[in-house]
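Construct the complete structure from the given sequences, taking the supplied hints into account.
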Amino acid sequence: MLHIIEAKILNGQRLTREDALFLTGCNDLLFLGRLAREVKRRKTGSFVYFNVNRHLNLTNICVSNCRFCAFGRDRDKNGAYVMSVEEALRTARTAVPEGITELHIVSALHPDLPFEYYCEVIARLHAAYPEVHLQAFTAVEIDYFAKISGKSIRDVLNILIKAGLGSLPGGGAEIFSSRVRKETCPNKASGERWLEVMQTAHELGLKTNATMLYGHLETWEERIDHLLRLRELQDRTGGFQSFIPLPFHPENTALSHLKRTTAAEDLKVLTIARLLLDNFDHVKAFWIMLGLPLAQLTLEFGADDLDGTVVEEKITHAAGAKTSEGITKDELLSLIREMGCIPVERDTLYNVLKVYEEGNKHEA
Amino acid sequence: MPRLTKDHALELLCSEDIYSLAQQACKGRDKLHPGNHITFVIDRNINYTNVCQVQCKFCAFYRDENNSDAYVLSVEEILSKVEEAVEMGATQVMLQGGLHPKLGLDYYTAVFQAIKQYYPVVIHSLSPPEIKHIAAQENISIKETVMELKKAGLDSLPGGGAEVLVDRVRQLISPQKISSQEWLDIMETAHNMGLKSTATMMIGSQETLLERLEHLEKIRALQDRTGGFRAFIPWTFQPHNTVLGGKKASSASYLRFLAVSRLFLDNFRTVQGSWVTQGPGMGQISIYFGADDLGSLMLEENVVKAAGVSYNMARDKMIRIIKETGKIPALRDTSYNILKVYR
Ligand code: SF4
Ligand code: SF4
Numbered sequence: 000m001l002h003i004i005e006a007k008i009l010n011g012q013r014l015t016r017e018d019a020l021f022l023t024g025c026n027d028l029l030f031l032g033r034l035a036r037e038v039k040r041r042k043t044g045s046f047v048y049f050n051v052n053r054h055l056n057l058t059n060i061c062v063s064n065c066r067f068c069a070f071g072r073d074r075d076k077n078g079a080y081v082m083s084v085e086e087a088l089r090t091a092r093t094a095v096p097e098g099i100t101e102l103h104i105v106s107a108l109h110p111d112l113p114f115e116y117y118c119e120v121i122a123r124l125h126a127a128y129p130e131v132h133l134q135a136f137t138a139v140e141i142d143y144f145a146k147i148s149g150k151s152i153r154d155v156l157n158i159l160i161k162a163g164l165g166s167l168p169g170g171g172a173e174i175f176s177s178r179v180r181k182e183t184c185p186n187k188a189s190g191e192r193w194l195e196v197m198q199t200a201h202e203l204g205l206k207t208n209a210t211m212l213y214g215h216l217e218t219w220e221e222r223i224d225h226l227l228r229l230r231e232l233q234d235r236t237g238g239f240q241s242f243i244p245l246p247f248h249p250e251n252t253a254l255s256h257l258k259r260t261t262a263a264e265d266l267k268v269l270t271i272a273r274l275l276l277d278n279f280d281h282v283k284a285f286w287i288m289l290g291l292p293l294a295q296l297t298l299e300f301g302a303d304d305l306d307g308t309v310v311e312e313k314i315t316h317a318a319g320a321k322t323s324e325g326i327t328k329d330e331l332l333s334l335i336r337e338m339g340c341i342p343v344e345r346d347t348l349y350n351v352l353k354v355y356e357e358g359n360k361h362e363a
Numbered sequence: 000m001p002r003l004t005k006d007h008a009l010e011l012l013c014s015e016d017i018y019s020l021a022q023q024a025c026k027g028r029d030k031l032h033p034g035n036h037i038t039f040v041i042d043r044n045i046n047y048t049n050v051c052q053v054q055c056k057f058c059a060f061y062r063d064e065n066n067s068d069a070y071v072l073s074v075e076e077i078l079s080k081v082e083e084a085v086e087m088g089a090t091q092v093m094l095q096g097g098l099h100p101k102l103g104l105d106y107y108t109a110v111f112q113a114i115k116q117y118y119p120v121v122i123h124s125l126s127p128p129e130i131k132h133i134a135a136q137e138n139i140s141i142k143e144t145v146m147e148l149k150k151a152g153l154d155s156l157p158g159g160g161a162e163v164l165v166d167r168v169r170q171l172i173s174p175q176k177i178s179s180q181e182w183l184d185i186m187e188t189a190h191n192m193g194l195k196s197t198a199t200m201m202i203g204s205q206e207t208l209l210e211r212l213e214h215l216e217k218i219r220a221l222q223d224r225t226g227g228f229r230a231f232i233p234w235t236f237q238p239h240n241t242v243l244g245g246k247k248a249s250s251a252s253y254l255r256f257l258a259v260s261r262l263f264l265d266n267f268r269t270v271q272g273s274w275v276t277q278g279p280g281m282g283q284i285s286i287y288f289g290a291d292d293l294g295s296l297m298l299e300e301n302v303v304k305a306a307g308v309s310y311n312m313a314r315d316k317m318i319r320i321i322k323e324t325g326k327i328p329a330l331r332d333t334s335y336n337i338l339k340v341y342r
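Top line first, the protein sequences correspond to chains A and B.
Take the first sequence: its letter number 76 is residue 75 in numbering that gives the first Met the number 0, and every next letter is one higher.
Take the second sequence: its letter number 95 is residue 94 in numbering that gives the first Met the number 0, and every next letter is one higher.
Among the hints, erroneous ones may be present.
[As the list claims (entries may be wrong)] Straight-line alpha carbon distances no greater than 25 Å define the calculated DMTMM-like cross-link-like pairs of lysine to aspartate or glutamate that follow:
(1) B:Lys246 - A:Glu330
(2) B:Lys326 - A:Asp27
(3) B:Lys316 - A:Glu250
(4) A:Lys161 - A:Asp111
(5) A:Lys258 - B:Glu323
(6) B:Lys26 - B:Glu323
(7) B:Lys247 - A:Glu344
(8) B:Lys326 - A:Asp18
(9) B:Lys26 - A:Asp27
(10) B:Lys26 - A:Glu264
(11) B:Lys247 - A:Glu357
(12) B:Lys322 - A:Glu250
(13) B:Lys195 - B:Glu181
(14) A:Lys7 - A:Asp27
(15) B:Lys326 - A:Glu264
(16) B:Lys142 - B:Glu187
(17) B:Lys131 - B:Asp184
(18) B:Lys142 - B:Asp223
(19) A:Lys42 - A:Asp234
(20) B:Lys322 - A:Asp27
(21) B:Lys217 - B:Asp184
(22) B:Lys326 - A:Glu5
(23) B:Lys246 - A:Glu344
(24) B:Lys30 - B:Glu216
[As the list claims (entries may be wrong)] Which bits of chain B does chain A cover? Going by a derived footprint, with three or more residues having C-beta under 8 Å, they are:
(25) 14-21
(26) 278-290
(27) 316-326
Don't read these hints as lab results, they were simulated from the structure.
All C-beta atoms in this analysis are idealised placements derived from N, C-alpha and C, irrespective of residue type, glycine included.
Have a look at this one:
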């Protein structure tokens, strides 16, 4: 069976659900990794992308109480905060001179901030920094905006686009399985709804990302089905730019009794996703969640994008991720070059801003 | 397979595809370890003093004798640490410390004799710089020193203090420490007197790739003569809080080097991927790059203090990360005998 799958990959044929399920039982990480790297090379050659952005989390007060979340909390809990529009602008002001091309804005589902607040944040940021791309609001937030404003998804998106929204991040997907959602995040948008928001966004010309949060209550089968649903929507719209697998960090969540996935499992998820998602151009390693040593290795295991020089990242750090909070561009370049790859600075839409050709592959 | 030359190894290190390198290393490993086991040991590292005159530039541990957090552990303090370790299943203790200007042979023999009197543990302790220091304190030969320590209960030597066995590098990172030849000579003496040891190497400070291979060549040659090395343990320089500073070696360079070591050191049975220094993640991945042992669970001070709970977690995690690679976890002793297999 493995050599049939191998032949399929080498011939550029699509893997079936059965193929993928078979691979989940394969312990030969070197086999999986080599194949995934082959796919990566066909898609992006020896380019490895990064993007200099800054994360902005407007509020952590949330009505949803997802059990895997260490970020959202009730209003009266320690550390609860909401940024005023002015504060959001001020935070952006400190980031923009650092040469960012993107503001990445993801927040909790606040109980009573009106939809207009979010529109204003986008409009004011866009007016102040028209050259900075605003990647904002997960599909879950968009769904929530529809709920609190009484508008349709399409109207919500159109209003935000007009205000200056550039694209949607891929968060909130978690695992689509309704069984898992019922147990972990029953109060937020369903998997179907998430996909519906994304489809609408794509139809309106917005590019988006896609994620999968794994390593909590889901089975391998549910992971594979998640990936297949992404692949199916991508066939129809082509609107996904990248897929980002996210290992679950149990610390400080309601699921803190669970164990963090191991490095080998993280690489396995990544490779299988790269093999299965034949219609995704990019697979991104989020080094904040993986840690830098593992993130570097992912470049040989199918990833072609390292989430860039992040200056501030509240969501994962609340969950006890132990990586340092930011790395310099030089550090990132040398990590990438050491793997024999060429670092490419991109904007949000994968336009190439700079190819870093020079530099020497090996450390002294 | 013919023995790897330095030139060939350099090629592998620089340009070999990481997958074929990893596969070759695993093949080499599996030939030596047909049982499919990946081993680990339960031990405790006891740093009996942090006072050290040598002041290596890569070291974050040493203190001046007059420093407010300088310490020397008494025999009683050491015994109580050994007792805690033994209660948690440790089969080995590793005493290592600074080169304290006031500690002589008496201190070490008293400690070893006391441990052996009360506890059935292997004393895997003192690296060549400490042996040399004791000999100098007493003005006796290395041979005599080793003999006295062995008589007192010393069972084997950890391979510390090797860093990079190239004097150019030693001048840069630890100018006051024993030379590479002294390190090798002390190991040879110990091996000849029936004490086995391991060999370590610290990568990622000031050495070139070729100098890394020079290190491997030196220990391979000594191993040809004595057969006294049980394992090779590479680890990466941890720049935090050191005079040297700088960057950590990356995961890719560590894994590549580990794989090349496995291929180069054809007369070493064990090449260790270290979960203590590289973290559990890279420790696990090192199995795919030819490691057959993940070293110690290392009952650290704080781990021990937080009672048996964290220790059990550490053991369960060790078992889990090995199992997930498709290998069979096994507990070993200092001599690499398997004590228990976790199916
Ligand atoms: S995951 Fe999002 S929606 Fe769920 S509790 Fe956290 S912030 Fe709220
Ligand atoms: S001899 Fe050992 S303890 Fe002393 S400074 Fe060097 S590494 Fe540190």
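Hint by hint, here is what the structure shows:
1. B:Lys246 - A:Glu330: holds (9 Å)
2. B:Lys326 - A:Asp27: The hint holds at about 11 Å.
3. B:Lys316 - A:Glu250: With a Cα-Cα distance of about 16 Å, the restraint between Lys316 of chain B and Glu250 of chain A holds, given a limit of 25 Å.
4. A:Lys161 - A:Asp111: holds (23 Å)
5. A:Lys258 - B:Glu323: holds (13 Å)
6. B:Lys26 - B:Glu323: holds (19 Å)
7. B:Lys247 - A:Glu344: It holds: about 24 Å lies between the C-alpha atoms, which stays within 25 Å.
8. B:Lys326 - A:Asp18: holds (24 Å)
9. B:Lys26 - A:Asp27: At roughly 13 Å apart (the allowed maximum being 25 Å), Asp27 of chain A and Lys26 of chain B satisfy the hint.
10. B:Lys26 - A:Glu264: Cα-Cα ~22 Å, so holds.
11. B:Lys247 - A:Glu357: Given pair Lys247 of chain B, Glu357 of chain A holds - Cα atoms ~22 Å apart, limit 25 Å.
12. B:Lys322 - A:Glu250: holds (23 Å)
13. B:Lys195 - B:Glu181: Measuring from Cα to Cα gives roughly 17 Å; hence the hint holds.
14. A:Lys7 - A:Asp27: It holds: about 18 Å lies between the C-alpha atoms, which stays within 25 Å.
15. B:Lys326 - A:Glu264: Cα-Cα ~14 Å, so holds.
16. B:Lys142 - B:Glu187: This hinted pair holds, its Cα atoms lying about 10 Å apart.
17. B:Lys131 - B:Asp184: Satisfied, since the Cα-Cα distance of roughly 10 Å is no more than 25 Å.
18. B:Lys142 - B:Asp223: Answer holds: Lys142 of chain B to Asp223 of chain B is near 21 Å, not above 25 Å.
19. A:Lys42 - A:Asp234: holds (16 Å)
20. B:Lys322 - A:Asp27: OK: Lys322 of chain B and Asp27 of chain A at ~13 Å, within 25 Å.
21. B:Lys217 - B:Asp184: holds (11 Å)
22. B:Lys326 - A:Glu5: holds (23 Å)
23. B:Lys246 - A:Glu344: holds (23 Å)
24. B:Lys30 - B:Glu216: holds (22 Å)
25. 14-21: holds (count 3)
26. 278-290: holds (count 7)
27. 316-326: holds (count 6)
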